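Asks: Next come the chains, spelled out residue by residue.
2 protein chains.
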Amino acid sequence: MKAPTNENEIIGRIAEVFPHHWPRTVALALGDDGALWRPRAGNEVVLTCDWLLEGCHFLRAKHPAEAVGWKCLARAVSDIAAMGGVPRCFLLSLALPASLTGKWFDGFLQGLKRAAKSLRCELAGGDTTRQEKVLINVTVVGEVRRGRALLRAGAHAGDSLFVSGRLGEAEAGLDELRRRKGAVRRSSENLHKHLYPEPRLALGEWLGKRRLATAAMDLSDGLSSDLPRLCAASGVGARVDVDCLPVVRNLKLAQARHLGLHGGDDYELLFTVAEKDVKRVPRAYRGVQLTRIGKITREKRIVVMEGGKTRKLEAGGWDPFGK
Amino acid sequence: MKAPTNENEIIGRIAEVFPHHWPRTVALALGDDGALWRPRAGNEVVLTCDWLLEGCHFLRAKHPAEAVGWKCLARAVSDIAAMGGVPRCFLLSLALPASLTGKWFDGFLQGLKRAAKSLRCELAGGDTTRQEKVLINVTVVGEVRRGRALLRAGAHAGDSLFVSGRLGEAEAGLDELRRRKGAVRRSSENLHKHLYPEPRLALGEWLGKRRLATAAMDLSDGLSSDLPRLCAASGVGARVDVDCLPVVRNLKLAQARHLGLHGGDDYELLFTVAEKDVKRVPRAYRGVQLTRIGKITREKRIVVMEGGKTRKLEAGGWDPFGK
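Residue numbers (my numbering), protein chains in the order written: chain A, 1 to 323; chain B, 1 to 323.
By construction, these hints were calculated from the structure, which means they are not laboratory data. Check each hint, because a few of them may be wrong.
Copies of the same chain are indistinguishable here, so a pair counts whether it falls within one copy or spans any two.
As the list claims (entries may be wrong) - Listed below are the simulated DSS-like cross-link pairs for lysine-lysine, each with C-alpha atoms no more than 30 Å apart in a straight line:
hint, residue 1, residue 2
1, K133, K181
2, K62, K103
3, K279, K300
4, K62, K133
5, K300, K2
6, K2, K312
7, K133, K103
8, K309, K276
9, K312, K279
10, K279, K209
11, K113, K2
12, K252, K309
13, K312, K276
Predicted model, so just to flag it, every value in this text is computed and none were measured.
Using the sequences plus the hints, can you model the full thing?
Replies: The following block contains the structure:
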């Protein structure tokens, strides 16, 4: 198959991979100035967008094109999960070097399509252009029952702090990727989580419907960077019990805990639960473990407790402007 | 005022310029994982997004930061106008070099805010990161009465072809910008149109409400690149009467007509009107001239007629992958 050589051909290739009749939650998708879509009665629209940039969020020589396609959608959908919403459709903004419109582009579209199917999120439109580096921006549109969205504001002193899954796995996977020579073929559990994150959609929807969480967000930059954001939105502080933190297995404990506190890209949910409801939180929801890792406090500081000692938690997660 | 040095400070600066209480069509905007918003009853959501990339769509040394801020929103809103919709809110994805988070960023935000006020489109969220070049992606969310959206598909043989405004002005403005030395301070009419395009929102809404246009789109890449897209969507061809084309004044006719056929960035509306309705189209709508420039044809070719002679119209507009 010939690689596309102009914008119309590139859009045509996308339209081939995402045919018009599939899965049709969107009234009007590709091929017009905009897309048309309606939320169901009683629902609100949830809007979110995310960058995925070569050299910043992925390395062309290291990350398989399929993983780039999967991840650009999955990480944006994770924000919908964090709101307790259901994803419906997305817009893909893609800038490519002319040299990548062939095999790389096809791999990317296959990964993207797999994610779109798995996350039930339909391609509704986008914009394509040429650049020397691969630039991706994805906007996801979802919906949530009016008044049931999980917000960052809402945590109260005394609430318990929970996370899903294990923290630091994606960062451990990235370390592994960096150490490997050449492109990735086989994948460990951690590397798989780094390359193909699975947004916690079922959990988010369940927390919202049951009104279980007083506040929630997804962990994209790392607990030490994200928890302060939830606390700032809620006007509270927090104490994290590091001894309880669910961390990467098969690593030295100190290293695993460091990754657990500061590692990014996990896309697990961080949520708070009022004391009276803590017993309603199961150990796991649909196979994803849920762990109580601390408490919300009145004092607006974020501290960690480790081996009985308390210290301030410094933000050490991902900040593109940091260092 | 100190320039922001990390992602939280950059988001904080954006939140200062776009305070929470302003204009509040969005239930939940900045500061959470996503934004919450609802269209009015009976309306559909219109979704569109657009790149604005340094070196590709603008030059940092030439384009004022204010114009970059204005234009990134205005050109995305133009797609809402082309659908006959009303813009409601937008997501801003911004990647900046660390050296531009001060004066340049402030100028950018001022231009963006002016556009947001003028176009009544509220900032609802976004994503920021660092890159060596300025990368901008804007998603605009609008709404339109169900079933009243202006689509590209819908033109029939015999319909008349109309454009708003004059074509080629923005490209003439860009030529002027390229010839100038250093940054721009004073602006000609053409240059102003290149830097601060005004999406034809009132016209689009009027065409949709009156059911006057059988098909419509906005002209972003140039008539010779965009008209084939409208024709392809409608399964028709077109004949453009170049002698009727509203073009740049104060240029040699041949040059003005070349810009009129191929110049990009005008953000005028191209629309088709059934023969029975042509007399309902005024010479101007709210100060914007409307000109009949040709006919939709059954033959799926796009031709131009000039001085009584007919020739094929070759796409000569903006294609990022072209040349």
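Asks: Next, verify each hint and record whether it holds.
Replies: Status of the hints after comparison with the structure:
1. Proximity of K133 to K181 under the C-alpha cut-off of 30 Å is found in both arrangements, the shortest distances being 21 Å within a copy and 29 Å between copies.
2. Taking the shortest Cα distances, K62 and K103 sit within 30 Å of each other inside one copy (15 Å), while across copies they are farther apart (36 Å).
3. In this homomeric assembly, K279 and K300 come within 30 Å of each other (Cα to Cα) only inside a single copy, at 26 Å, whereas the closest approach across copies is 68 Å.
4. Taking the closest pair of Cα atoms, K62 and K133 come within 30 Å of each other both inside a single copy (14 Å) and across two copies (23 Å).
5. In this homomeric assembly, K300 and K2 come within 30 Å of each other (Cα to Cα) only across copies, at 25 Å, whereas the closest approach inside a single copy is 59 Å.
6. Within a single copy, K2 and K312 get their C-alpha atoms only as close as 57 Å, which misses the 30 Å cut-off; across copies the closest is 26 Å, which meets it.
7. When the C-alpha separation of K133 and K103 is checked against a cutoff of 30 Å, the pair qualifies both within a copy, at 16 Å, and between copies, at 27 Å.
8. For the homomeric pair K309 and K276, the shortest alpha-carbon distance inside one copy (27 Å) is at most 30 Å, but the shortest distance between copies (83 Å) is not.
9. Proximity of K312 and K279 under a CA criterion of 30 Å is satisfied intra-copy only: 29 Å inside one chain copy versus 74 Å between copies.
10. For the homomeric pair K279 and K209, the shortest alpha-carbon distance inside one copy (17 Å) is at most 30 Å, but the shortest distance between copies (55 Å) is not.
11. Taking identical chains as interchangeable, the C-alpha atoms of K113 and K2 lie at most 30 Å apart only when both belong to the same chain, with a minimum of 20 Å there against 44 Å between chains.
12. Taking the shortest Cα distances, K252 and K309 sit within 30 Å of each other inside one copy (20 Å), while across copies they are farther apart (80 Å).
13. When the C-alpha separation of K312 and K276 is checked against a cutoff of 30 Å, the pair qualifies only within one copy, where the shortest distance is 28 Å, while the shortest distance between copies is 75 Å.
The structure meets every hint from the earlier list without exception.
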